[in-house]
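Position chain C against the provided structure of chain P, taking the given hints into account.
Top to bottom, those sequences are chains P and C. Numbering that gives the first Met the number 0 puts the first residue of the first sequence at 0, with every later residue one more than the last. Numbering that gives the first Met the number 0 puts the first residue of the second sequence at 0, with every later residue one more than the last.
Mixed in with the good hints there might be a few duds.
[Said to hold, decoys possible] Some residues of chain C that are not near chain P, with every Cβ distance over 10 Å (derived):
no., residue
1, M6
2, V119
3, L184
4, F205
5, A296
[As the list claims (entries may be wrong)] Across the chosen pairs, the derived CB separations fall in these ranges:
no., chain 1, residue 1, chain 2, residue 2, range
6, C, I98, P, N26, 16 to 26 Å
7, P, M203, C, D319, 29 to 39 Å
8, C, I83, P, N26, 15 to 25 Å
9, P, G106, C, W343, 49 to 59 Å
10, P, V21, C, P34, 38 to 48 Å
11, P, S49, C, F15, 16 to 26 Å
12, C, V339, P, E148, 51 to 61 Å
13, P, S188, C, Q54, 50 to 60 Å
14, C, K327, P, A166, 14 to 24 Å
What the hints contain is simulated information worked out from the structure, not anything from laboratory work. Note that the Cβ used here is the ideal one computed from N, Cα and C, for glycine as well.
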Amino acid sequence: MEFSTFIFYFFATVLVLAGLGVITARNPVYAALFLVLAFFSAGGVWLLLSAEFLAIVLIMVYVGAVMVLFLFVVMMLDIDFAHLREGFWKYLPMGAAVGVLLAVEMGLVLANGFGGKPMPAAAATITGQATPVACGNNICELGRVLYTEYAYPFELAALVLLVAMIAAVSLTLRRRSGPYSEKYISPESQVAVRHEDRMMLVKMAAEKEAPEGPAAPAGAEGQ
Amino acid sequence: MDAIKQMLGNLLEPLFGPLWPAVWALITIVALLAPLMLCVAYLTYFERKVIGAIQLRVGPNRVGPLGLLQPIADAVKLLLKEVIIPSGANKALFVIGPILAIAPSLAAWAVVPLDKGVVVADINAGLLYLVAIVSIEVYGIIIAGWASNSKYAFLGAMRATAQMVSYEVSLGFALICVLLISSSLNMTDIVTRQGEGTFASMGLGFLSWNWLPLLPMFVIYFVSGLAETNRAPFDVVEGESEIVAGHMVEYSGMAFALFFLAEYANMILVSVMTSILFLGGWLSPVGFMPDGFHWLALKTAFFLFVFLWVRATFPRFRYDHVMRLGWKVFVPITIVWVVVVAGWMMSPLSIWK
Numbered sequence: 000m001e002f003s004t005f006i007f008y009f010f011a012t013v014l015v016l017a018g019l020g021v022i023t024a025r026n027p028v029y030a031a032l033f034l035v036l037a038f039f040s041a042g043g044v045w046l047l048l049s050a051e052f053l054a055i056v057l058i059m060v061y062v063g064a065v066m067v068l069f070l071f072v073v074m075m076l077d078i079d080f081a082h083l084r085e086g087f088w089k090y091l092p093m094g095a096a097v098g099v100l101l102a103v104e105m106g107l108v109l110a111n112g113f114g115g116k117p118m119p120a121a122a123a124t125i126t127g128q129a130t131p132v133a134c135g136n137n138i139c140e141l142g143r144v145l146y147t148e149y150a151y152p153f154e155l156a157a158l159v160l161l162v163a164m165i166a167a168v169s170l171t172l173r174r175r176s177g178p179y180s181e182k183y184i185s186p187e188s189q190v191a192v193r194h195e196d197r198m199m200l201v202k203m204a205a206e207k208e209a210p211e212g213p214a215a216p217a218g219a220e221g222q
Numbered sequence: 000m001d002a003i004k005q006m007l008g009n010l011l012e013p014l015f016g017p018l019w020p021a022v023w024a025l026i027t028i029v030a031l032l033a034p035l036m037l038c039v040a041y042l043t044y045f046e047r048k049v050i051g052a053i054q055l056r057v058g059p060n061r062v063g064p065l066g067l068l069q070p071i072a073d074a075v076k077l078l079l080k081e082v083i084i085p086s087g088a089n090k091a092l093f094v095i096g097p098i099l100a101i102a103p104s105l106a107a108w109a110v111v112p113l114d115k116g117v118v119v120a121d122i123n124a125g126l127l128y129l130v131a132i133v134s135i136e137v138y139g140i141i142i143a144g145w146a147s148n149s150k151y152a153f154l155g156a157m158r159a160t161a162q163m164v165s166y167e168v169s170l171g172f173a174l175i176c177v178l179l180i181s182s183s184l185n186m187t188d189i190v191t192r193q194g195e196g197t198f199a200s201m202g203l204g205f206l207s208w209n210w211l212p213l214l215p216m217f218v219i220y221f222v223s224g225l226a227e228t229n230r231a232p233f234d235v236v237e238g239e240s241e242i243v244a245g246h247m248v249e250y251s252g253m254a255f256a257l258f259f260l261a262e263y264a265n266m267i268l269v270s271v272m273t274s275i276l277f278l279g280g281w282l283s284p285v286g287f288m289p290d291g292f293h294w295l296a297l298k299t300a301f302f303l304f305v306f307l308w309v310r311a312t313f314p315r316f317r318y319d320h321v322m323r324l325g326w327k328v329f330v331p332i333t334i335v336w337v338v339v340v341a342g343w344m345m346s347p348l349s350i351w352k
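The following block holds chain P by itself, in its conformation from the complex (with noise of 0.2 Å):
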């Protein structure tokens, strides 16, 4: 047994308990942590098959991006549990047909995939298990087939994204305008300001001569 071994089985382990945590656990931030310890776990079981480079996206975008803000938002709301779980058996029959389907989906890959046949020569490429590859290692092999072979592909995927993002970034973009706008301060002019902007010296006689004539007195107005 390799050295190798232990680790796939430890790997496995604990994205197979991870992955049960986070349906199980109750509070919404324990199964976001969760569900990092699974991302973390499979990145650790890609990088046994030699995939680095996904494994290390994986954990990139998924564990330091994705679910950083997922975290952050799941740990502002104020959830009410007992609501949550109130609609449980009017859902399960709903639930349970998805999740059967699933199943039987995945055995149907599992079985014509993996039971007898061997992997796709594609799949193979990627993962750095056969095809002796030029470069020599997985990022710069990745690399060529990504801008060679499916460059079109690649580019259309990330003018997907960008029209996306644009989208996004529109969506949330605010001018304040009307009652509001007062408030609002531009950093641009904040940044710029001059130190004679920020105070005013006004030459003025040292005292003030009393103003002519009596004040009124206080009683006279009732009169």
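Quick look at chain C alone, frame taken from chain P:
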């Protein structure tokens, strides 16, 4: 490294059998982390002395000669203090928070080469691994902030999330420029590539390092590193005058010290990375002097000094200005510079053939 591994392997491999790779990994990790922890301890001493000198004070000078035992005394004091868990806190996550803060900042050191071949894991995706590990550093702060059940701590955690996720973008684009011109993600290759070129063959190695062609990226990388480690002037995460101490406000004793250790280990990491990526790592600046670890140590010490110098000089940024600098200044500049460098490499004027 290989010779030591061979020698120890002959001696210990029969003893551990299939576990020998794990044992060897543990030995290298301890050999790296023990001196690192000592550096972290003395960085706090260095910081207090430097800031003391800048502010015309003496700094620590009571414990031991010149105050040199001060970090040891601080460590002992923190170890002996009680770790208080607030009654409303989420106990499990409250304890996990500091652990998650320090673990990534130590794990990142696995791919950092200290000299040619002296590295725990010489992997092809070294730079990518580093970016991934740095991006999970924020979890310690978020979890600590939420589990403390305190408004100040939670505000600190929210600021940390937004700030660290924002500055990772410009940090990543600066790294893309470096890996474009080195055409490798391996840190040893990145350093080796900086030792080649016209100026290096003339004996003026420091002019062929990456800082010259990538000068804007060099500056942006270091400033983003300041923001990423939550150091002044970007320390709004723990701004004492606004939110007391942010995510650390409920922590005491060694749990607090772990956040502190993580911050200082990250400072050293950013300094070492700036030296490796832009200042040629262990390469000697001039041809007639030999390369070696001492050059990397010298460059790292310089950047650490800049960290402290900046802290003693600049006032804290306001929170919205931190965000503005990250998204509206650094991100556009770095994106444009990636395109410029890529175009430069494909043009006949390319200096990286």
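Checking against the hints above, which ones are violated?
-> 3, 12 and 13
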